[in-house]
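Let's have the full structure, built from the sequences with the hints guiding it.
Residues -23 to -1, 1 to 305 (mature numbering (1 follows the signal peptide of the UniProt record, and there is no 0)) make up the sequence shown, in order.
Hints are supplied without guarantee of correctness; some may be wrong.
As the list claims (entries may be wrong) - DMTMM-like, lysine to aspartate or glutamate: derived pairs with alpha carbons at most 25 Å apart:
| no. | residue 1 | residue 2 |
| --- | --- | --- |
| 1 | K179 | D208 |
| 2 | K173 | D146 |
| 3 | K21 | D294 |
| 4 | K155 | D121 |
| 5 | K189 | E225 |
| 6 | K155 | E107 |
| 7 | K189 | D121 |
| 8 | K155 | E125 |
| 9 | K117 | E300 |
| 10 | K259 | D61 |
| 11 | K179 | D121 |
| 12 | K267 | E82 |
| 13 | K21 | E225 |
| 14 | K267 | E107 |
Honestly, the hints are just simulated from the structure, not real lab data.
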Amino acid sequence: MKLIKLLATTTAVAVLLAAPAYAQTRIALVVKSLGNGFFDAANKGAQEAAAEIGGIEVIYTGPTAATAEAQIEVINSLIAQQVDAIAISANDPDALVPALQKAMERGIKVVSFDSGVAEAGRQIHLNPSETNLIGETIIKLAADYLPEGGDVAILSAASTATNQNAWIDAAKAVLPEKFPNINLVATVYGDDDSVKSTDEAKGLIAAYPNLKAIIAPTTVGVVAAAQVVTDMGLIGKINVTGLALPSEFKQFIDNGASQAVALWNPIDLGYSAVFLANDLIKGEEAAPGKTFSIGRVGEVTLDDTNSAAMAVPFQFDKTNIEEFSKIY
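Below, the structure written as structure tokens:
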């Protein structure tokens, strides 16, 4: 009998030792598309947060094409893997809701960051900055170098991108009062694809011979547009501006295709998203007025939609682009 008990105990211990260790918290950072420098930088911050908090594995993932359908496939895979949380930058605010609701029903916490998901599909949304301020900033970046005004156009990402559309609406709202000499002639969409963004930039230049600036509130589009202006010999005639990663855009500040761009720190954005996701995993409840710590970045307070803004945009020009291009 003792021998049987000993064998049973030994077998149980062996099973426990052989079982995989799932004690580590797993947070999936789902981006619009892989191969995007902005999101690579966000992943760097997410990994930093994981190391700082301890006991967290960040799964950096996303589709190769920036579509809602492709993101839904990624979400369903993460549900099957039973991750603890999903932090996602959405390609579409509404199309992802059913898949993310299924995730939440399975106990997976959901945070959207950068580009938001509709309220029904997430618990918290983290804006990189305040929407109206971003909208005003992207117009001001063009207006500051057009003292007499002129025609400008916007080259956006996907037509369904939540954040891009909100910023563009905010930009249009401030034009009549603050920038009456700026004439917004068109808004086109490059879908965060370099080839399409290049074609759209060329199309704007062909369609509007008096174009003075292209504003691209997307790190992919702004590089594509600046390259077009460079290649077409239009430096000094068309100023490209918008939201850009310093490391990717320094060459265009240096060669004069752009006078200035802006961006928040994507490293801090990924870092903050992981802190928020981890708080939800630990049992914190999202509610209007609630304040959450986001580590070294500070803290955020949720509004009535359970959204919060991380920080104000920072401007990069010839005076500081060298320094920041070494960081992100």
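These are the hints, each one checked on the structure:
1. K179 - D208: holds, 11 Å
2. K173 - D146: At roughly 22 Å apart (the allowed maximum being 25 Å), D146 and K173 satisfy the hint.
3. K21 - D294: holds, 24 Å
4. K155 - D121: holds, 12 Å
5. K189 - E225: Within the cut-off at roughly 23 Å; holds.
6. K155 - E107: holds, 18 Å
7. K189 - D121: Roughly 12 Å separates the two Cα atoms, so the pair holds.
8. K155 - E125: With a Cα-Cα distance of about 14 Å, the restraint between K155 and E125 holds, given a limit of 25 Å.
9. K117 - E300: holds, 23 Å
10. K259 - D61: holds, 10 Å
11. K179 - D121: Measuring from Cα to Cα gives roughly 24 Å; hence the hint holds.
12. K267 - E82: Holds - the C-alpha atoms of E82 and K267 are around 23 Å apart, at most 25 Å.
13. K21 - E225: holds, 16 Å
14. K267 - E107: holds, 18 Å
Checked against the numbered hints above, the structure breaks none of them.
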